[in-house]
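A.B. asks: Residue numbers (my numbering), protein chains in the order written: chain A, 210 to 683; chain B, 4 to 370.
Think of the hints as simulated: they come from the structure by calculation, not from any bench.
Mixed in with the good hints there might be a few duds.
Unchecked claim - Quick look at which bits of chain B chain A covers, simulated, 3 or more residues with Cβ under 8 Å:
1. 18-32
2. 121-131
3. 196-208
4. 249-261
5. 339-352
Stated by the list, open to error - In silico EDC-like links for lysine to aspartate or glutamate, alpha-carbon gap of 20 Å or less:
6. A/Lys333 - B/Glu140
7. A/Lys333 - B/Glu249
8. B/Lys236 - A/Glu677
Stated by the list, open to error - Computed spacing ranges between beta-carbons, pair by pair:
9. B/Glu189 - A/Gln338: 14 to 24 Å
10. B/Leu154 - A/Gly671: 29 to 39 Å
11. B/Leu154 - A/Val562: 53 to 63 Å
12. B/Gly91 - A/Gln678: 34 to 44 Å
13. B/Ser192 - A/Asn341: 20 to 30 Å
Since the structure is predicted, the reported quantities are computational estimates derived from the model, not experimental observations.
We treat Cβ as the ideally placed atom computed from N, Cα and C, and that holds for glycine.
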Amino acid sequence: MSAEAPRPATPMARQILEHRSLLSRARALPGEARFVLAVLTLGALVTGAGIGFLVVTGQLDGRWYDIRDLGNATAHFRDWTQRQGIDSSVPYLVTGLLGGIGILSLVGGWLVIGVWAERRLIAKFQIRQGPNRVGPFGLLQPLADAVKLLQKEVLIPIGADKLLFFLPPILIFIPAMLGWGPVPWAPKMSYADLNVGVVYTIAISSLGVLAVFLAGWSSNNHYALLGAMRTVAMMVSYEIPISISLLAVVLFTGSLQLSDIVAWQAQHYIWMIVLLPFGAFTFLFASTAEINRTPNDIGEAESEIVAGFHTEYSGMKAGLFLAVELGNALLVGAMMSTFFLGGYSLFGLEEWVPGYLIMGAKTFLVYFGFVWLRATLPRFRLDQLMAFAWKFLIPLSIIQLLFVAVESMLIVQSGLPGIVTIGGSVIINAGLTVIGVRAWANAIGYSPKEMASPPIMTNGVGGLRAAEQIRAAS
Amino acid sequence: MTTVNEPYVLNIGPQHPSTHGVFRLRVVMDGEVIRDLDMIVGYLHRSMEKLAEERTYTQNIPFTDRADYLAAMSNNLGVCLAVERLAGVEVPERASYLRVIFAELQRIASHAMANGTLVSDAGAWQTPLLYMFREREKILDLFEMTCGARLTTNYMRIGGVAFDPPPEFWSALQELLDEMPTRIDEYASLVVDSEIFLARTRNVGVISAADAINGSLVGPALRGSGVPWDLRKAEPYCVYDRMNFEVPVGRHGDVYDRFMVRLEETRQSVEIIKQAVAQIPDGPHKTDIPLALRPPPGEVYGRVEGPRGELGFYVVSDGTPAPYRFHIRAPSLINLSLLREMAVGVSLPDAVVALGSLDIVVGDIDR
Numbered sequence: 210m211s212a213e214a215p216r217p218a219t220p221m222a223r224q225i226l227e228h229r230s231l232l233s234r235a236r237a238l239p240g241e242a243r244f245v246l247a248v249l250t251l252g253a254l255v256t257g258a259g260i261g262f263l264v265v266t267g268q269l270d271g272r273w274y275d276i277r278d279l280g281n282a283t284a285h286f287r288d289w290t291q292r293q294g295i296d297s298s299v300p301y302l303v304t305g306l307l308g309g310i311g312i313l314s315l316v317g318g319w320l321v322i323g324v325w326a327e328r329r330l331i332a333k334f335q336i337r338q339g340p341n342r343v344g345p346f347g348l349l350q351p352l353a354d355a356v357k358l359l360q361k362e363v364l365i366p367i368g369a370d371k372l373l374f375f376l377p378p379i380l381i382f383i384p385a386m387l388g389w390g391p392v393p394w395a396p397k398m399s400y401a402d403l404n405v406g407v408v409y410t411i412a413i414s415s416l417g418v419l420a421v422f423l424a425g426w427s428s429n430n431h432y433a434l435l436g437a438m439r440t441v442a443m444m445v446s447y448e449i450p451i452s453i454s455l456l457a458v459v460l461f462t463g464s465l466q467l468s469d470i471v472a473w474q475a476q477h478y479i480w481m482i483v484l485l486p487f488g489a490f491t492f493l494f495a496s497t498a499e500i501n502r503t504p505n506d507i508g509e510a511e512s513e514i515v516a517g518f519h520t521e522y523s524g525m526k527a528g529l530f531l532a533v534e535l536g537n538a539l540l541v542g543a544m545m546s547t548f549f550l551g552g553y554s555l556f557g558l559e560e561w562v563p564g565y566l567i568m569g570a571k572t573f574l575v576y577f578g579f580v581w582l583r584a585t586l587p588r589f590r591l592d593q594l595m596a597f598a599w600k601f602l603i604p605l606s607i608i609q610l611l612f613v614a615v616e617s618m619l620i621v622q623s624g625l626p627g628i629v630t631i632g633g634s635v636i637i638n639a640g641l642t643v644i645g646v647r648a649w650a651n652a653i654g655y656s657p658k659e660m661a662s663p664p665i666m667t668n669g670v671g672g673l674r675a676a677e678q679i680r681a682a683s
Numbered sequence: 004m005t006t007v008n009e010p011y012v013l014n015i016g017p018q019h020p021s022t023h024g025v026f027r028l029r030v031v032m033d034g035e036v037i038r039d040l041d042m043i044v045g046y047l048h049r050s051m052e053k054l055a056e057e058r059t060y061t062q063n064i065p066f067t068d069r070a071d072y073l074a075a076m077s078n079n080l081g082v083c084l085a086v087e088r089l090a091g092v093e094v095p096e097r098a099s100y101l102r103v104i105f106a107e108l109q110r111i112a113s114h115a116m117a118n119g120t121l122v123s124d125a126g127a128w129q130t131p132l133l134y135m136f137r138e139r140e141k142i143l144d145l146f147e148m149t150c151g152a153r154l155t156t157n158y159m160r161i162g163g164v165a166f167d168p169p170p171e172f173w174s175a176l177q178e179l180l181d182e183m184p185t186r187i188d189e190y191a192s193l194v195v196d197s198e199i200f201l202a203r204t205r206n207v208g209v210i211s212a213a214d215a216i217n218g219s220l221v222g223p224a225l226r227g228s229g230v231p232w233d234l235r236k237a238e239p240y241c242v243y244d245r246m247n248f249e250v251p252v253g254r255h256g257d258v259y260d261r262f263m264v265r266l267e268e269t270r271q272s273v274e275i276i277k278q279a280v281a282q283i284p285d286g287p288h289k290t291d292i293p294l295a296l297r298p299p300p301g302e303v304y305g306r307v308e309g310p311r312g313e314l315g316f317y318v319v320s321d322g323t324p325a326p327y328r329f330h331i332r333a334p335s336l337i338n339l340s341l342l343r344e345m346a347v348g349v350s351l352p353d354a355v356v357a358l359g360s361l362d363i364v365v366g367d368i369d370r
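Produce the complete structure using the sequences and hints provided.
C.D. replies: Now the structure itself:
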């Protein structure tokens, strides 16, 4: 289209052209308002600098209002109640309730941001605009979606088992929320710092599949049943590599407590992803299978089985399934950052920056990775996924576990400096990952790059005989 | 304990994300494996062939837009060539070149759509599709510039083309041709080397060359099986005999080969358009024909190589202004008949990808 002859504006195009950005609206403000805005901005900057000064000089350390550590507030509250002679069950009850509400609202808020971020980011990946109509930058779009879903009628199929059809959207929500319990947000700041945190995490993550299977079974729909069966098969297979890779982490850190795992990484100034690259890959890949995201979203593969196990759900029930799916992605992001990305620690920066901010940033980093994968990769087939788990991830994870067992003993008992033992482990594990993956792929005869062959270019014309000649000549 | 496997019937369509329109598959499944498959068509039947018998030859051209709505230009070209041969109408040289340019632009647009939806069927969340839509959009802009319509173009006429393209068309076309090779490389980089895409499409939906010929497969699906049969080479129409291009053929006859054949054909189409733009002479773009064209009694089968393969028009004239019989040999319908061979015995995802690789258009199937 040449520049001299612009296309006639459709209503949509006109709306887009006339849409004014936030910046241009700010520029159009009258002078007084701009002055007030400038003063407010300056004030915010000065306040921030002041807080930063207090933090850096250490004048806030240990106070209950130290913004870097909300866990302190709880501890101070407990001490205060003990001094007042109040029964010790009261602070536990109060902090438990407050923490529960806190986690619910935090995850709820993140869901809203997550929906917006995913749609916006995928739109950018796909050279589109994405939602930009509702609110600034389309930020209120998730709320509009939720309101729309709430207004919709919830249909129950005629052949469905009514009770079993009613339950799954609620049942699937519970493990998705419980999973956030042991996540350490900062030192001493986690809702339930269980001493068996790893076991708890694995156990809770496999509960959701029950709701999925109920949903698929009760819908009286073949697509839903297929999706449920696929999800169950995948869960059963991918629980094992997840557990083995987490076992390697536990061998290094010597604790099943999530806060201890993070503390170990902070103390040794190393992230587990450097120490255990194959374990981190296994965890991430198996997690995408567990939470039904690309490239392993076969449980709700749109082009094959429409929406999988929640095909028959409508209105807010479908919305709950989608919200849980997204919440699980964020939960996996939090787990990934806890186990492999150093949790709330960032090489000493956690002294100055609140740990929960670092943790949130890392969680969203992993989530961004999921969005990126979703915008990029096609989907595996069910049998390929199963083969990948059983023939590839599980044997290699077990081999890695053997090496890690020896390395962790050396780190603890050899008496050598950490730089030698841990550095040696890093090199050994990296080499093992590269060599092991290649050797194993060769052993099971997997070489897809060789399958990529361009077509033969020809000038000939003909039928079967010409086809055979061309094939013989190439 | 023994388990009893009971096959069940799954209805895929008429409303389903991967049937590409209102088309229904009744599949007998054993777990994830397809045991039997019926294709049920007719949801989009508009009785074009019968309606055509009541209208003049020129009035029939808009119908062909709606038959294969993703390749309207090629359909227009096919019916015009058939009627011109029947009535002995001469076409000016400039019109022939314009026809080649627009038919090849249409081929690029259609192949972009076909390959994009194939990758979407394989599970990529529409990113390659939208990348390919970017250039398709520019091609549709070119169509709009020339004839006012984007999909149902109704551009070709018996004896030429309806309009000469406006002056700004040529600069816009040149811009598109210059950037097209890098864009095609970009699509290729998205999927061609992707291991997941290879795993999903290699050795899936294999059709041997002999089976393809026996099943009357045409177009990229036939060439993907290794048979070098392209009507632009085998039976050159318009000015294809003056163009220098190659025909890509596949090695294995699987889904991946069909994808790659389409991708390479896009490159070749760009080359053809470049040559046509360089060679196009000045002159009239249309010969005048009588308003109610009365071809002499007789029959003709005119065929062109559309994006989906050999598109034939069998037209019988009885000397009146309306055809006595008007039949479209639709490539989508004939190609679809081989889905059964590809899909029975494989799992559902493979069948979906195989269906996507055939590049059916339901308007073309049902007419």
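A.B. asks: Decide, hint by hint, whether the structure agrees.
C.D. replies: Against the structure, the hints:
Counting residues of the segment 18-32 of chain B whose CB lies closer than 8 Å to any CB of chain A gives 4, so the stated coverage by that chain holds, three being the minimum. Check result for the segment 121-131 of chain B against chain A: holds, 9 residues qualifying (beta carbon to beta carbon below 8 Å, three or more required). Remark: the segment 196-208 of chain B is confirmed as covered by chain A, as 9 of its residues place a Cβ nearer than 8 Å to a Cβ of that chain, reaching the required three. Under a criterion of three residues with beta carbons nearer than 8 Å to beta carbons of chain A, the stated coverage of the segment 249-261 of chain B is upheld, 8 such residues being counted.
Three residues within the 8 Å Cβ limit are the bar, and the segment 339-352 of chain B against chain A gives 3, so the coverage statement holds. Of the pairs offered as hints, the one joining A/Lys333 and B/Glu140 holds, with about 18 Å between alpha carbons and a cut-off of 20 Å not exceeded. Between A/Lys333 and B/Glu249 the CA atoms are separated by roughly 37 Å; this puts the pair beyond 20 Å, and the hint is violated. This hinted pair checks out: B/Lys236 and A/Glu677 have alpha carbons roughly 18 Å apart, not beyond 20 Å.
Against the hinted window of 14 to 24 Å, the Cβ-Cβ separation of B/Glu189 and A/Gln338 comes to about 20 Å, which satisfies the hint. Look at B/Leu154 against A/Gly671: about 35 Å separates their beta carbons, and that is inside 29 to 39 Å. For B/Leu154 and A/Val562, the hinted distance range of 53 to 63 Å is satisfied, since their beta carbons lie about 55 Å from each other. Between B/Gly91 and A/Gln678 the C-beta distance comes to about 38 Å, which sits within the given range of 34 to 44 Å.
B/Ser192 and A/Asn341 have their C-beta atoms about 29 Å apart, which keeps the hinted 20 to 30 Å range intact.
The earlier numbered hint that this structure contradicts is number 7, and it is the only one.
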